[in-house]
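Read off the chains here:
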Amino acid sequence: MKNTAATPVLSICNVGKAFGENWVLSDVSLDIMPGEIHAICGENGAGKSTLMNILFGMPVIQSTGGYTGKILIDGEEQKITSPEQAIAKGIGMVHQEFMLVPGFTVGENIKLNREPLLSSLASRIFGSRLKKVDFAKISSESQHTLNRLGVEMQESSMIETLPVGYMQFAEIAREIDKENTKVLILDEPTAVLTESEAELVLNIVQHLSDMGIAVVLITHRIQDIKQVADTVTVLRDGKNVRTVAVKDISEGEIAQLMVGRDLDLTAIEKRSGELSGEIALTTKNLVVDMPGEQVNGVDLEIRKGEIFGIGGLAGQGKVGIANGLMGNYPTEGEISVFGKPLKLNSPKDSIAAKLAFVSEDRRRMGFAPNLSIGENIAAPSMVAHNRFFKKFGFFEQVDEKAVRETAEKNIQEFQIKCTGPDQPVGTLSGGNQQKVCVASALELSPDILLVSEPTRGIDVGAKNTVLNTISQINREKGVTVIFTSSELAELRQMCDRIAIVSQGKIVEIMKPDASDEEFGLAMSGERREA
Amino acid sequence: MKIKRFLMSNAVPILFAFLCIAGIRLSGTPIATILSDVVNRFDRNILLVLSLIIPVTCGLGMNFGIVLGAMCGQMGLVFVTLMNLTGMTAILAAALIGLVTAVICGILAGKLLNRTKGQEMITSMIVGYFSNGIYQFIFLFLIGGVIHISHKIILSGGVGIKNTIDLSHLQYSLDNLKIFGLGGKVDVFTGIIFFAVFFAACMTISALRNRKFDRNYIIRTAICAVFVVASLIMTGQERFMMAKMLIRIPIPSFLLVTFFCWLITWFMKTKLGQDMRAIGHDRDVALASGIKVDQTRIIAVVISTVLAAWGQIMFYQNLGTVDAYYGHEKVGTFCVAAILIGGASVKKANIGHAILGTILFHLLYNVSPLASQKLFNDSMVGGYFRMTICYGVIAVALMLHVWESRNSGLKEKRGEKKSGKPAKAL
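If you read the sequences in order, they're chains A and B. Those letters in the first sequence? Residues 1 to 530, by my numbering. Those letters in the second sequence? Residues 1 to 426, by my numbering.
So here's chain B without its partners, still in its complex pose:
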């Protein structure tokens, strides 16, 4: 029974895991090659996907409006390029510009979403579309048209910036960041050992502080130890040489991601996080108990937009070229698809969903053209397939959401104390 329930409630990730395994087998590509690409893509995307969690918790559903955050991030990157900044300075400056613009955009978007309660998802999607117009106005008209700058990324006519912007001046500056000569990109086994030791240390510190060495602590530390030992054994072996050479783990970026994961977990335990959870479960009850619902929802949107802005910066510092006019467009749908594949729903999302979803999504994204090349002798078929999957999973999730809320609506009605009463007093 327990197994059945586990399978039922995790049906989506399990299905996609099977698809990925089948894809890997069919493609015939060595796992090391696939993994090296997935690690890269994970590094690029995870922060964007993480940015979706807080709005879901606050009952806003999937925030397609992270497109807005992505634009802010890109804006930051374009401006630092115009200012000729390089390396970590450029990234920090871009993050600062992204932060400021994203806070403003987030407040505005949050206010709009407060006026369209119940329709947040479609509204946030449309916000993404129309702000695209403003974005283009800024970069195709204001820059050069009103503000005269000469720079190599400005179009030859002097108005507007180029379609593709080279970021080689800051590429990998976060991934390769070294502190006291440590960090940067390391091979997969060193990476695993590093993070296993890191997590074990964190858990031990927290256990020491709370004086609580329970079963969970022992199990988790044991898992870390197993990883360390396994990596130590594997790293010397001939057959894992290829994996060791191909898969490179960017320690600073992953540490940053770990920090954001911790931050989100910590945040959910604060008063603000507790309020958000209450609002997510039942907005009317939260309001009746005196929680400032509208303000809290705006904060949730702002946090999400800021994380998305930083996520987009992280994405491009890894990729190296900004697609100035189209780069942000699909961020919303792709990230939503990823977190849904990880098992999240419109009402429930956590860090586990985000991490698992990002891995599975990019695994599938990577192997489906390879597999279809082998199967149909045409890699495009896989492209169509992954597109169908990406949008299909969103459609299915929305459908499930409506279906579930209709069912629970029925349940509520049965629990209602009297019929014929206008729904809620507040």
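In isolation and in its complexed conformation, chain A is listed as follows:
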């Protein structure tokens, strides 16, 4: 499809974006030809979303100081400062979250805010907003667009009654219905679709390209890239690692480019001596219904005292496992902790079984932003073990002194940068918030510590402290650790064994010294020949 003779419909030249001091995107350049399907892939935080937000003129970019570099549409430089402007310039976007009105029909959604209108007496007096909506025209025009797209779908169906895949079609149809759409950005279009729905969406993408519309496909799914894309650009840490024709690169190589990052960490102390053979935790056919991170039947056997890594690409179910063990999402299957079966779907029982969890979703699950450091550290122990209370006959009161002392001890141990134990955790930096989360989990004196994405969004210094502390308590106190991370380097450094998850199942359990290629292959879901 690629037509090298023409001018690129969209050129991105040396685009960069900083949030404060933090450059999330730097010096990214791409050219996209008419009718080309250009895939952009990368891990979470690689800068894909930021790049798309820039292209679509999202307010979040403008309100934080705009971007650097140039964007050319049809060879002319454009400054895109609002979504309306982007639309006017011919850029269409299908967002990751559905931007559809659930109670409207497909047709009404396709024509949302672009309804054909009929003027009336009232509109002449009171202005154009009192023009009558021409519902008949909405029906006929939107049905025409759906037919043009090649999907069998009635414009009169209500969005909320449609399967997810069809909502995706409605969104694409809305963008195509805008007459001048030249470039269509699809943000993770297949992430939540079933296999057959994803197939249909990819067919439509192909169809769009045949119609001469350039498609920017942002995705985690390497299968999709291989199936439809002409060109792929891999972003990592905000930089364009490589842009290459899809036919010249293998799935394993793409995966490797996405995750292969160098971490300059101080070396973690090597394990001295062998692990005992005792089993700390087993799961049988664990199924966790965590939206977007579905786990479909995982069997694990984790030995006492080891650091067990769980890795894999985003959306494949790796963070679902720890959440299932803690009972945070609907879970089925069997879990036993030190030989005793664990009651499922009950966070309280999981904590009672001496499991402690540092959530990947720090802001929502990790801490109470308005409570002090001390209170945050003490709270889980108060609930689970009734600690930090003074007794007065029948009454109990929080033992402020003990809370304070524990907080001070932890602040010292973790080098938490703060004004004192009374500072609200919400006002700390990301790294220090994470330290508080780890501290409060450790205060539960767990036998098994579950840590998910502990270094996401925190700086290198804090990373070191967090990782060192985790390995330290593992080495010194013999706490078993289940360590979930999307950063391969981190996993390799920390873990004794690493399970790679793809499509909700364990593909392979690997040694940390396996090669990048082997990890890349496993992450793309291909089981290595035994």
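For the record, the hints were derived by calculation from the structure and aren't laboratory data. Glycine included, C-beta positions come from ideal geometry on N, C-alpha and C. Hints are not guaranteed to be accurate.
One-sided and incomplete, this derived list gives chain A residues near chain B with beta-carbon spacing under 8 Å [said to hold, decoys possible]: (1) Ala-6; (2) Val-101; (3) Lys-132.
What follows is a list of derived Cβ distance ranges for each label pair [claimed, not checked]: (4) A/Ser-140 / B/Phe-137: 24 to 32 Å; (5) A/Arg-364 / B/Val-396: 26 to 34 Å; (6) B/Val-396 / A/Pro-116: 35 to 43 Å; (7) B/Val-396 / A/Lys-239: 34 to 42 Å; (8) A/Thr-161 / B/Arg-211: 28 to 36 Å; (9) B/Met-242 / A/Pro-116: 50 to 58 Å; (10) A/Ser-140 / B/Met-242: 32 to 40 Å; (11) A/Met-365 / B/Leu-400: 25 to 33 Å.
Dock chain B against chain A, hints included.
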């Protein structure tokens, strides 16, 4: 299955219909007496209840802030009384004053509600309370204290207006309005015939214009015909004499209500109405598609406040005396209770809900003291009962709303394309 679903989704109105029927049976009062009172109360309240529909459609929930509109309406009435206007002139002048003040108040309230998105209902309720202070400041201090007027409704000290204001100079001037000698109040059967013929004519005109005589049209016209025939038969009969004498239908007022119903329906089909529906369903999506969300929400509040102001004027032109300091206070809660009883929810309300709800609410309001008088020999028990019902139904509706939105929140999460993503990009 279909019947079950119908019962489930209309559980509230059905329950209240049963309560009303039981109340009527227990009270032992003739239906004609009860109905004559209900017609009166319906006439007074329906416009206020209708004013709640548009904010619900626009996703603002129940606008308890119609209290603000009610105050504006009362203000209009007080001023026209001070100006010694009478009859229809007074009503039109009051409506004009109400319109201007309500537009201003609506804009201010709308701006406030835009800053408290997600908490509109409680905010609008509080707006009602604190604007009460301003209202009292105007009528207990400014009038007489700063602006010196002498009038019979001013308190004897010369500052502030009286608690109760007699409106006999304009009472019933809308209800009894006659155009070319036609209109005014008529007996129930004439009223039914009039409106049946009126609706049939409207439908025929619209069908002629669209050249569409479908099944709906035939059924509806047939229903009108049945009403006409039934009324013609009943009007001559001895046993319906009492109904004929007691129940009086104010044709002009009901025509006005019909006009407002049509206006709301028409309005929902305009671009502005379509935008409001979109915002009501999903504010973020509407914003992302370029709809001016904040401006549209303010317009919705303004329309609601203006309708409420006119509704309050209609209320008092029928009642005849203004309760100057307390008349508006309960308007919000009572109207919200009425529309909820009609089957509306915090997310969905239409004209049918408003009409049915107003009838059922006032039926219950009317019969519950009578029924309790018969049952417990104490009419107050019924008073307590209706108070419990009125506030109870609001509480239940709010609870259902939270429950439903939590459930649908779960559904949304399942539909979300990826986890761990900060909710919405916009």
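Which of the numbered hints are not met once you compare them with the structure shown? Of the numbered hints, 1, 4, 7, 10 do not hold.
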